[in-house]
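There are 2 protein chains.
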Amino acid sequence: MLLLLGHRAAGGTDDDAVMGPALALEMLHTCALVHDDVIDRADTRRARPTVHREYAALHAGRGMRGDADAFGEAVAILVGDVAFVQADDLFLQAQVDDRRLLEGLRAFTALREEVMAGQYLDLVTSTTGQGDRAAVLQVATLKSGRYSVTRPLEVGAVLAGGDATLVEGLRRFGDPLGRAFQVRDDLLGLFGRPEETGKSVQSDLAEGKHTLVIVEALERLEGMDRDRLSAMLGDHDLGADDAAVARELIERSGARRAAEAYVVASVEESLAALDTLSVDDGVAKALRDMATRLTDRDT
Amino acid sequence: MLLLLGHRAAGGTDDDAVMGPALALEMLHTCALVHDDVIDRADTRRARPTVHREYAALHAGRGMRGDADAFGEAVAILVGDVAFVQADDLFLQAQVDDRRLLEGLRAFTALREEVMAGQYLDLVTSTTGQGDRAAVLQVATLKSGRYSVTRPLEVGAVLAGGDATLVEGLRRFGDPLGRAFQVRDDLLGLFGRPEETGKSVQSDLAEGKHTLVIVEALERLEGMDRDRLSAMLGDHDLGADDAAVARELIERSGARRAAEAYVVASVEESLAALDTLSVDDGVAKALRDMATRLTDRDT
Chain A
1 MLLLLGHRAA
11 GGTDDDAVMG
21 PALALEMLHT
31 CALVHDDVID
41 RADTRRARPT
51 VHREYAALHA
61 GRGMRGDADA
71 FGEAVAILVG
81 DVAFVQADDL
91 FLQAQVDDRR
101 LLEGLRAFTA
111 LREEVMAGQY
121 LDLVTSTTGQ
131 GDRAAVLQVA
141 TLKSGRYSVT
151 RPLEVGAVLA
161 GGDATLVEGL
171 RRFGDPLGRA
181 FQVRDDLLGL
191 FGRPEETGKS
201 VQSDLAEGKH
211 TLVIVEALER
221 LEGMDRDRLS
231 AMLGDHDLGA
241 DDAAVARELI
251 ERSGARRAAE
261 AYVVASVEES
271 LAALDTLSVD
281 DGVAKALRDM
291 ATRLTDRDT
Chain B
300 MLLLLGHRAA
310 GGTDDDAVMG
320 PALALEMLHT
330 CALVHDDVID
340 RADTRRARPT
350 VHREYAALHA
360 GRGMRGDADA
370 FGEAVAILVG
380 DVAFVQADDL
390 FLQAQVDDRR
400 LLEGLRAFTA
410 LREEVMAGQY
420 LDLVTSTTGQ
430 GDRAAVLQVA
440 TLKSGRYSVT
450 RPLEVGAVLA
460 GGDATLVEGL
470 RRFGDPLGRA
480 FQVRDDLLGL
490 FGRPEETGKS
500 VQSDLAEGKH
510 TLVIVEALER
520 LEGMDRDRLS
530 AMLGDHDLGA
540 DDAAVARELI
550 ERSGARRAAE
560 AYVVASVEES
570 LAALDTLSVD
580 DGVAKALRDM
590 ATRLTDRDT
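Protein chains in written order, with my numbering: chain A, 1 to 299; chain B, 300 to 598.
Treat the hints with care, since some could be wrong.
Restraint-style ranges between C-beta atoms, simulated for each label pair [said to hold, decoys possible]:
no., chain 1, residue 1, chain 2, residue 2, range
1, B, Asp339, A, Arg62, 45 to 55 Å
2, A, Asp69, B, Thr343, 17 to 27 Å
3, B, Leu332, A, His29, 19 to 29 Å
4, B, Gln394, A, Arg228, 53 to 63 Å
5, B, Ala341, A, Asp14, 30 to 40 Å
6, B, Leu357, A, Arg46, 45 to 55 Å
7, A, Ala135, B, Leu357, 11 to 21 Å
8, B, Arg587, A, Asp69, 26 to 36 Å
9, B, Ala346, A, Asp241, 21 to 31 Å
Examples of chain B residues toward chain A, derived with CB under 7 Å [claimed, not checked]:
no., residue
10, Leu377
11, Val381
12, Thr408
13, Thr426
14, Thr427
15, Leu487
Since the hints were made in silico from the structure, they are not lab data. Computed from a predicted model, the values in this text were never measured in an experiment. C-beta atoms are modelled at their ideal positions from N, C-alpha and C, and glycine is treated no differently.
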């Protein structure tokens, strides 16, 4: 949707002409999810078995040779790789002139490099437990700002021949919005209703994710309180009662309020940038609605 | 090198203009190797630790959180993904006109889709133990013919504006040559000198690889002989003495001779196609030398 909006922001009138690139983003995301599930050894995704689990079960069920888990993982790595190259295939189906298509591909390539850099940084900060506020916001910029918001808008815009001024304006709109989206997601992960968010309130803690709200809490807490929260990060045996303790510590430290304030300030920054963009009224309204939808939500 | 030769075959004179795409093929291959090593759980590559082992060791050495092997695998999957996208980045650096660059990208995308299809087919035939001669040759066409020979030539050719007749001719040259290369590789894996090939004579057997020479042997052997060879495929505890038995069975069945004859016939088919190509004499000689180099070798 953001790619289509970026396309319209630059004066594009035919959504179908850039449907290939829009689907390419979805296909790339499929690759990321399948590979992430291998990395996180996840059992389910969207309430269904993950690809590697599905193929491990198939292997076991049919009594094939070798190790079932290894087979499942091998298939999942390949499926992700196939999705990755099919994204290029879809992208190349855009019906725009050659010069614009190549410019779009360059922005799409930058998007992919950024999300992987963000993914690696995220992995390292979670594993070393040493991510500070700056590192957390850098991950949020790369994995959410650029990947989820700014670059899709930019790809759409350059495919319609949008100039550097428009692209720069879309970036000032997209980067803070993407970060706000990520922080909202982190808050929902801890304080949301699991039946609505689809994930348990302890899962981010158990994975040791260094989110803004966690980093803010660690900076504000002292002594035993800080040690308690710190010990929970990355503890895979964490239960719902531990999560309740963590939530109480985070709330009391003021970190939840700080993170909520960060979302509000970032959305304001984003909307202020939107006001300076010279785009069609319908597009401006759609972008404004998108900003609300991404950051003011329960699931 | 094949991409540069394809480029020259179509009249290209400036190798530097297509160095980006040539390096893209190397970078793609880096992705394939890193992901394959995860899939095969390999410890070493080119006499050095594989990426996943290197990062698992780093994790263990620094006493990071969580499981060292899982961290190593996560990094290796990401490193492969980064190499994959850097291949696109390099490709886009070609200095050719936009139309040709996009045509080259489309051929590069087909190359990637084919090699993954071949990889999956290879995985399934090894795992089910049900690859027949046709499946083996299909894998050899996709993973060696197209990936290693034909598509690199084609990408180079279209980047220089080569037409469909040239591309078709290069395919008739490349597909059989790539298959011959693969069968030579399989023969060296079994009958070569480990100190020269860099791999043990039992490794293909232990992995249960369905190669042409193995399939030919299974088709020719009967009774207990067939059962003995069949039981060795995919047996990870295989030793050098078992490999000696396997080699003797394969030799006696006539499968080795049949595979050698296949290499000779395929190279002849390839060189006959080369004679029909209208390319510069220097390029024709280089392609002929390449055919010899790929199929008449000890390592």
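Practice item. For the hint on B/Leu377, just tell me whether its beta-carbon gets within less than 7 Å of chain A. Key: This hint holds: B/Leu377 lies near chain A, its Cβ roughly 5 Å from the closest one there, short of 7 Å.
Point to revise | Outcome for the supplied range 26 to 36 Å, where the beta carbon pair is B/Arg587 and A/Asp69 | key: Violated, at about 47 Å.
Point to revise | Interface restraint verdict for B/Thr427 against chain A (beta-carbon cut-off 7 Å) | key: 6 Å, holds
Point to revise | Satisfaction of the hinted span 17 to 27 Å by the C-beta atoms belonging to A/Asp69 and B/Thr343 | key: With Cβ atoms ~22 Å apart, the hint holds.
Exercise for review: Could you say whether the range 19 to 29 Å given as a hint is met by the Cβ separation of B/Leu332 and A/His29?
Suggested key: About 25 Å separates the Cβ atoms of B/Leu332 and A/His29, which means 19 to 29 Å holds.
Review point. Against chain A, with CB atoms and a cut of 7 Å, does the hint on B/Thr408 hold up?
Key: Holds. Min distance 5 Å.
Review point. Measuring from beta carbon to beta carbon, are A/Ala135 and B/Leu357 in 11 to 21 Å?
Key: Holds, at about 19 Å.
**Study point:** Range hint 45 to 55 Å (beta carbons of B/Asp339 and A/Arg62) holds or violated
**Key:** 21 Å, violated
Check your understanding: Okay, B/Ala341 versus A/Asp14 on CB: inside 30 to 40 Å?
Key -> Taking Cβ atoms as reference, B/Ala341 and A/Asp14 lie about 49 Å apart, which means the hint is violated.
Review point. When the nearest CB of chain A is found for B/Thr426, is that gap smaller than 7 Å?
Key: 5 Å, holds
Exercise for review: Go ahead and decide if the range 45 to 55 Å is satisfied by the Cβ distance of B/Leu357 to A/Arg46.
Suggested key: Since the Cβ atoms of B/Leu357 and A/Arg46 sit about 33 Å apart, the hinted range of 45 to 55 Å is violated.
Review point. Has the hinted range 21 to 31 Å been met by the Cβ atoms of B/Ala346 and A/Asp241?
Key: 51 Å, violated
Of the numbered hints listed earlier, those contradicted by the structure are 1, 5, 6, 8, 9 and 15.
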